[in-house]
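Given the coordinates of chain A, assemble chains B, C and D onto it according to the supplied hints.
Residue-level listing of the chains:
There are 4 protein chains.
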Amino acid sequence: MKDEELPERISDLESLTLRSGNPGAEKWLHRPVKCLDHGFVYLAEYMGSDSSIVQAARVSYGQGTKKINEDKGLIRYLMRHAHTTPFEMCELQFHCKMPIFVARQWIRHRTANVNEYSGRYSEMSNEFYLPDASVLRKQSQSNRQGRSDEELTPKQNEKVLKILNTLYKNQYSGYKKLLDIGLTRELARMGLSVANYTQWYWKIDLHNLMHFLRLRLDGHAQYEIRVFGEAMAKIVKDSFPLAYEAFEDYRLNAKSFSGPELELLKQLRGKLPVDKNTARNMAMARFQNKRETQEFLDKLDALGWLTFNWLE
Amino acid sequence: MKDEELPERISDLESLTLRSGNPGAEKWLHRPVKCLDHGFVYLAEYMGSDSSIVQAARVSYGQGTKKINEDKGLIRYLMRHAHTTPFEMCELQFHCKMPIFVARQWIRHRTANVNEYSGRYSEMSNEFYLPDASVLRKQSQSNRQGRSDEELTPKQNEKVLKILNTLYKNQYSGYKKLLDIGLTRELARMGLSVANYTQWYWKIDLHNLMHFLRLRLDGHAQYEIRVFGEAMAKIVKDSFPLAYEAFEDYRLNAKSFSGPELELLKQLRGKLPVDKNTARNMAMARFQNKRETQEFLDKLDALGWLTFNWLE
Amino acid sequence: MKDEELPERISDLESLTLRSGNPGAEKWLHRPVKCLDHGFVYLAEYMGSDSSIVQAARVSYGQGTKKINEDKGLIRYLMRHAHTTPFEMCELQFHCKMPIFVARQWIRHRTANVNEYSGRYSEMSNEFYLPDASVLRKQSQSNRQGRSDEELTPKQNEKVLKILNTLYKNQYSGYKKLLDIGLTRELARMGLSVANYTQWYWKIDLHNLMHFLRLRLDGHAQYEIRVFGEAMAKIVKDSFPLAYEAFEDYRLNAKSFSGPELELLKQLRGKLPVDKNTARNMAMARFQNKRETQEFLDKLDALGWLTFNWLE
Amino acid sequence: MKDEELPERISDLESLTLRSGNPGAEKWLHRPVKCLDHGFVYLAEYMGSDSSIVQAARVSYGQGTKKINEDKGLIRYLMRHAHTTPFEMCELQFHCKMPIFVARQWIRHRTANVNEYSGRYSEMSNEFYLPDASVLRKQSQSNRQGRSDEELTPKQNEKVLKILNTLYKNQYSGYKKLLDIGLTRELARMGLSVANYTQWYWKIDLHNLMHFLRLRLDGHAQYEIRVFGEAMAKIVKDSFPLAYEAFEDYRLNAKSFSGPELELLKQLRGKLPVDKNTARNMAMARFQNKRETQEFLDKLDALGWLTFNWLE
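Residue numbers (the working numbering), protein chains in the order written: chain A, 1 to 312; chain B, 1001 to 1312; chain C, 2001 to 2312; chain D, 3001 to 3312.
Worth double-checking, as some hints may not be accurate.
The calculated lysine-lysine pairs, modelled on DSSO-like cross-linking and capped at a C-alpha distance of 27 Å, are [claimed, not checked]:
1. Lys2177(C) to Lys3176(D)
2. Lys3177(D) to Lys2162(C)
3. Lys1155(B) to Lys169(A)
4. Lys3299(D) to Lys276(A)
5. Lys1255(B) to Lys1234(B)
6. Lys2234(C) to Lys2072(C)
7. Lys2299(C) to Lys1255(B)
8. Lys3255(D) to Lys276(A)
9. Lys1299(B) to Lys2072(C)
10. Lys2177(C) to Lys3299(D)
11. Lys2072(C) to Lys1266(B)
12. Lys2176(C) to Lys3255(D)
13. Lys2169(C) to Lys3159(D)
14. Lys276(A) to Lys290(A)
Stretch by stretch, here's where chain B covers chain C in the computed footprint (C-beta under 8 Å, at least three residues) [stated by the list, open to error]:
15. 2034 to 2046
16. 2077 to 2083
17. 2264 to 2271
18. 2284 to 2293
19. 2298 to 2308
It should be emphasised that the hints constitute simulated quantities derived from the structure, not laboratory data.
Positions of the beta carbon are idealized from the N, C-alpha and C atoms, including for glycine.
Isolated chain A, as found in the complex (with noise of 0.2 Å):
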């Protein structure tokens, strides 16, 4: 992303510190990220470098082994070998804004402090998650989970969006009722509906970020969290340039091949491609199981492992 294009920054206050600096962090301080229709992400403040992940590595090693390691080959070798607790010597801070299902799914990840928007204290706002027409998708029956790749018809795209529509000028409008009824606002907002926007502060450290952003950031993370995830790594990407590489490499972009099928890949040795037939009919008589068997033809073919008989 070039400098020109980054959004508004909120505060443009400089001040001395002797704090580390971190360059591609403050190019993103109180820069908001817009996240669905209503919603935002940006970095309230952050704490550390790819530099103070080293450093802090480097305590176990005393002095004497301090010029062995370069600092990226360094922090590659600690992601590679899962020595985590570098990583959380960084902390970075968010100021979101999300449907309250969206907060539901973020909150799950427990290693983090939040300080959210309140009902009870305050008024909920008018603001309701309606999806983009161009994200609406019927159920996949493979993954009972999510959505499938299937759209609706235009037509049921639009009566989606009214239903929806209708719904959320309903409970507002009632919601606005109770209030002036004079019920207490703890009950009032029973009728708000999980598309409502709330807002927090999230505060969590590197290393717990990236564990987040690999369950988020991946297909079965339902779309609506993934675009909050997505925001946050082009912030940490750019924030710790060499340990989001290193991320991506062994954690984003890494396979992992289980036990049984490392015994299936030493007996495919010099038979590499593979007819799908042929592996198919080895993994279901290895695994039992068509779902295990599924993955893995996946990950032969996503390597260009498998041949494919025309007549399939």
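Okay, now just chains B, C and D, sitting in the frame of chain A:
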């Protein structure tokens, strides 16, 4: 609670075990306690007893001191002096069903294990929390986060319940329509409100459960989560009678006096009980803060140490 | 502490940042505070200030209530009512050097991030904690976990220090011999004692640091870890003056009265100050426990509410 | 392990319970497994079984999908896709005795509950870890953190053990002398080495225990802690056979290929097995890093996919 008042048990299969037993907890295993209109809590599994707390504490002391303390005295000593780790050796697992807004307050306690019903995997039920008219209240003005003691008129109550009920009905019929259109569950549920019921397995150690109870049995906690707290408190009290008694004495029923409050108490030597106006003036002069002054007066009053001028 | 008394700073490179500043913390960055004979603590990084606590708390209240509370009143309110999450928004990272037995007590605080010097990677230093003669004490009989106020004789002091010193010298020369033989470091270090110095980077949020300080500044904590607690307390006090003052008032200097103690106080209405024997008899009748009785008398005494019969 | 090979049980009192049973865990309750020369591990309490994992997972799916998955398939699916929360529903509590330096590595796993023997309360025992000559090794040069495969000479072994033994003897007699002088226990123990035995109750959920085992069963872990890991692994395997098998397949015996490694594998399509030199040159060109190159070659070799030129 007498045994005959216990609710039905879900399962009655007994088996032999070498684990340490806990008759109080056995009594409650699989016995759901109804909470609010559609919710419940029951003890699904447990580990440990008052004796486990003692046993864990005693590993610190070695053999020589085993007989010095009796169990009760030791447990009370541990609680009084915040030696919390032995209480962490006991675990309780509950199966709970509650409105989403209650679940959202509950989940803020991070030191617990949770498996929640998923609106992505499964259809949400047509169950929404509709409060009993007797618990409806106006917004508190002094305490911005909660309800006051002031009731609505019967007519207003009726109107409130009608508004909520209509919202719930429309939300659920909207939800079903969206599912019928084929929209993926993870989006269709977006119009459902935070009064919709969810459920989970929730597991926590005894120390952290008591911390939860301390906060959620408090008068400042929202009534709807307090109901669940009270159900669990009843189970804990039967399961860990010594620990619970110590918890009541040193936490629930204890009062803390701040450093500045202790100074005022010193000054009040020989002058207690004290006239309310005198006490207020002393406190305001010291604290320069109305709320803190009021909290101090409330503590004196609870001790019967305030006198009131009839002219006031 | 006056600025001219501050220890030397390790690094003096200033840079510009958009992060929120903290002059009190900047003052202490990279300035080691000497602890015990070879140890130290210095602030290596920080994030946040009193203002960050306020800002995080205010997200709960929304816009409407922003001006109601001043910062100081709000921070004190948060501390008094155990709203701990806003304090978690601040982080402090320390570089510390301490004897292994101190590190062993320290590490029991789990909510922190640690990178420790490793005796597997690097050679252990020839630094052992040899206490100053002035802090040597006899075993306490009443408090089984600590030292009494009773001093040894000068001759005994001398003997103690000689025994320890000889052990340390032999341990280290044994260690060097084992390394010379070629034995792996991870085994050679096995003869080194828990007085040997180690070091680490330790990072913790402000709420958990204050919890640490509350336990480790207490008179029951071992003197040697208290020294480190006091060094950090000084830094926290300068860095978060409002939070620290509230912490002193409501935690460090506060006293909690249990439910049963409050009942006794009610009974003492109009009878305070009270004769010590009378108070003891009342308390023993209620508590049936000598230690709890003594703790109650100590609280009354601290308030100046006990009178003593000269015959006693 | 056959039942007749099981060590003695500490307690044999059976009682009735409505908790879910676990025959594999019952078998190991109170049966100490000897570790090193004076240490042990035994299962003191447990909660849950493979069925509890399944039950917790199924709350997410609601009623409709109950019969779709068999237990084994579901547990394997959960493990494969890092759905870790259901595994957290099981708890194991161990009583362990180990040298202090092992305890220091062990305690770094923060998500566990611990009550340790205290040298402040009680006298330390005269038990120190003296390694068997068969496990003494030279320092590894390639792996800076551990021992090599290279043995010492029998004479060197003898000398090593003599040095350690003498240190231990002198430390303990010094300790007793300091106690005799009257020095407080918390200072007298300072001359005792990290080979001295300590003990604790340690409680952890199954997910975090498996994470512990993954790191501590690894060849890079120090042998002395691996011994304890293996003892617990044996108990877990009997207690949670389905979960442990999945853990072995997808964690212990799995291998992860990084993004860049997967690219190399794509390029090797049709060229496997590959000559070691060719593979090394490809990898070095891609990684620019010797260690990463070697790790890639090791993975190919383990699959039997490397060929070696006889001239090499």
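Hint check results:
no., hint, verdict
1, Lys2177(C) to Lys3176(D), "26 Å, holds"
2, Lys3177(D) to Lys2162(C), "12 Å, holds"
3, Lys1155(B) to Lys169(A), "25 Å, holds"
4, Lys3299(D) to Lys276(A), "24 Å, holds"
5, Lys1255(B) to Lys1234(B), "22 Å, holds"
6, Lys2234(C) to Lys2072(C), "20 Å, holds"
7, Lys2299(C) to Lys1255(B), "13 Å, holds"
8, Lys3255(D) to Lys276(A), "23 Å, holds"
9, Lys1299(B) to Lys2072(C), "23 Å, holds"
10, Lys2177(C) to Lys3299(D), "39 Å, violated"
11, Lys2072(C) to Lys1266(B), "25 Å, holds"
12, Lys2176(C) to Lys3255(D), "39 Å, violated"
13, Lys2169(C) to Lys3159(D), "19 Å, holds"
14, Lys276(A) to Lys290(A), "14 Å, holds"
15, 2034 to 2046, "violated (count 0)"
16, 2077 to 2083, "holds (count 4)"
17, 2264 to 2271, "holds (count 4)"
18, 2284 to 2293, "holds (count 3)"
19, 2298 to 2308, "holds (count 4)"
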